[in-house]
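S.K.: Protein chains in written order, with our numbering: chain A, 965 to 1267; chain B, 480 to 717.
Since the hints were derived computationally from the structure, they do not count as laboratory data.
Do not rely on the hints blindly, as some may be mistaken.
Just the calculated beta-carbon pair ranges, DEER-fashion [claimed, not checked]:
#1 B:494 x A:1074: 16 to 26 Å
#2 A:1157 x B:485: 23 to 33 Å
#3 B:584 x A:1029: 49 to 59 Å
#4 B:641 x A:1010: 47 to 57 Å
#5 B:603 x A:1010: 29 to 39 Å
#6 B:655 x A:1248: 48 to 58 Å
#7 B:610 x A:1157: 22 to 32 Å
#8 B:656 x A:1267: 37 to 47 Å
#9 A:1119 x B:549: 22 to 32 Å
#10 A:1161 x B:584: 43 to 53 Å
#11 B:494 x A:1167: 27 to 37 Å
#12 A:1157 x B:688: 34 to 44 Å
All residues carry an ideal CB built from backbone N, CA and C; glycine is no exception.
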Amino acid sequence: MSRATEMTADARVGAAGRVVVHTDLGTMQRIRAIARLEWADVRRSRWLVMSSALYLALALLVAGIGLRESEVLGFTGMGRVLASFSQALVLLLPLLALTGTALVVGRARESGALEFLLSQPAAREDYFAAITIVRTAALGLPLVALFAAIAFVSGVVLGQPVPWAFLARALAVSAALLWASVGLGLAMSTTVRDSSRAIVYVLLAWATGAAVLDFALIGSMLAWSIPIPTVVTLAMANPVEAARLALLAGSDGSLDTLGPVGVFLVLRMGADWLTVAGVTWPVVFGTVLWGIARRRFARAEVI
Amino acid sequence: MRIQLKNVSKRFGALVALDDVTLTIPAGARVALAGPNGSGKSTLVRAVVGLTPCRGVTVDGIDPFVDRLSIASRLTYVPQAAPLVSAPVGELIEVVAALRGIVPLEIRRVAGALGLPIDLVDRRPLRALSGGMKQKFLVALALAAPASLVVFDEPTASLDAPARSVFFDLCRERLSGATVLVSSHRPDEVAELADRVVTLLDGRIEDDQPAAAWLGRWHVGSARQGSGTRVEAQEARS
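Extracted from the complex, chain A is given alone in its bound form (with noise of 0.2 Å):
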C-alpha cells in the first residue's frame, strides 16, 4: 500500500470545542475496521459454534474409524480412514460455507446492519472484502485446526507415521472448495433478497452439488445413453466432484473409491493433473462468483 492510503493523523481541535482527528483512512483500514465489528458479530452468533462442532465430530469421526480398525483388524495404515474423511469432508464443507455466506447480505439488511454501515464513511467494496475476509476466517480457521487434530490423532493416538503429503493435499483442496462455496454462497446473498428462500437456495445448490458425484453421473450415462466426454465435463464442472476426486486420486485408485469417471479421468490425466484441476477449478468458480457478487453488491439496490 503506497504512503498516500495510509492513515494520516493529526489532532485537532473541531467545531463546538470537540477533539478531531482527521483521517484519510486508506482501503485497507477501512475494511480492517468493518472487518473487526463483522467478526465480533460471527464470533457470538450460533453459526460459528455450529461449524466447529460439526468439524469436531468429525475429527472424532476420523479418530473412531481409526482405533476401530487398529483395534478389530490391526491397523493396517490410514488410507480408507482418510478416504472416508475426504468424501465426508466434500459434502460437509460447502453446506457449511453456503450457510455461513448465502443469508449474510440478507440478514444484515434485516438487522439494520448494512444501513447503519454503509451511512459510514466505507465503500460498499470495504464491506464486502471485510465479510468475505470474516466469513472465510471463520470457515477456514476451524479446518486448519481439524488437519491438525488429525495429524495428532494418527501420529500421537494411533502410533502411525503422519500422512503429511495428505494432509497438505487435502488442504489445498478444502481451501478451494471453501472458496468455491464462499463465492457461491455471496453470489446469492447479494441475488436473493429474502432469507427463506436464500435458505431454499442453498439447499438445492448444496443437494446438486452432493447429487452430480461419480455415480449419480454414472446412473445418468448408463440411463440416457449420454456420452463420455459430456459426463466427465459435467463431473469435473461440479466444484464439489473436482475436490473429491483431486482428494482422493492419490488413494489406490480403486474403482469403489473413485467411482468410473474417477478412474477413468486418473488413467487420462494422472493423480498428479488431477489434483490440480480439483484445486484450481474451484478457485475459478469461486473466485468469478465473488466478483459477480462484488460488482452485484456494489452496484445494485441492496437495502
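Model the placement of chain B on the given structure of chain A, informed by the hints.
M.R.: Structure of chain B alone, referenced to chain A:
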C-alpha cells in the same frame, strides 16, 4: 452541503416511492420532511445518504450512491431503527471513531450527555440495549462527528422527554452551519430542527413551506425563530 433532487423517481416493483420529485436544499438549510407513512420520506432520505441508487440526486454536485466516499466523511445519519447487531457497544464506538476520524471519547461524552453512560454498557451487544438506549447511541455517534450534512430519520421517536431536551440542546450546539435534513412526524422535532417543511404524499411533493407556517397548523411556535426556548408541541388536530 447542497442537496439537489431533479425529477427524481424511484420504484420498488409496482410501488412508486418517489414520483418526479424536484427539490433544492441550499447549504446550511434545515429542512424537515413530513408526510404520512409510505409517502416516500425514508426513500428520499436514503437516496440523499447514498444508500439507495437514485438518478437525479446530488450532494454538492456528487451522486451520493456512486461516489459515497467523497461525501460520506462529511455526512452523518441517524436511521429510524438501530441495527440489531451482536457487536459490543464499545467495539462499535471504536470502529465508528476510526472510520470517522474522531476520538472515541467524544462519542462517549455525547452519549453520557444524552443519559447513556457507555461504561455501563461497554461490553453489551448493541441489540441487547433498550430501544431508547439504542436511539441515544445512534444520536451520539452522529453528533460526535463533525459533519456538514446531518440526516435524521425520526431521531427522537424512542427518546424520553429529558433525553429529547438534551438532544435538541446538543443539536443547537453542534449543528451550527450544517445542512440538516430530518424526516419527522413530530411538531417538536420540526420546531427545533427545521426552518422549512417539505410535505410528501404518495411520493410527490405536496407542499413546501416555512416551518412556522407548517407548525401553525399544529398551534406550535418555532423555537428557532423565537428566543430559543423549548417548544411544547400540542397537537391541535387529529
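S.K.: Are there hints from earlier that the structure breaks, and if so, what are their numbers?
M.R.: 4, 5, 8 and 9
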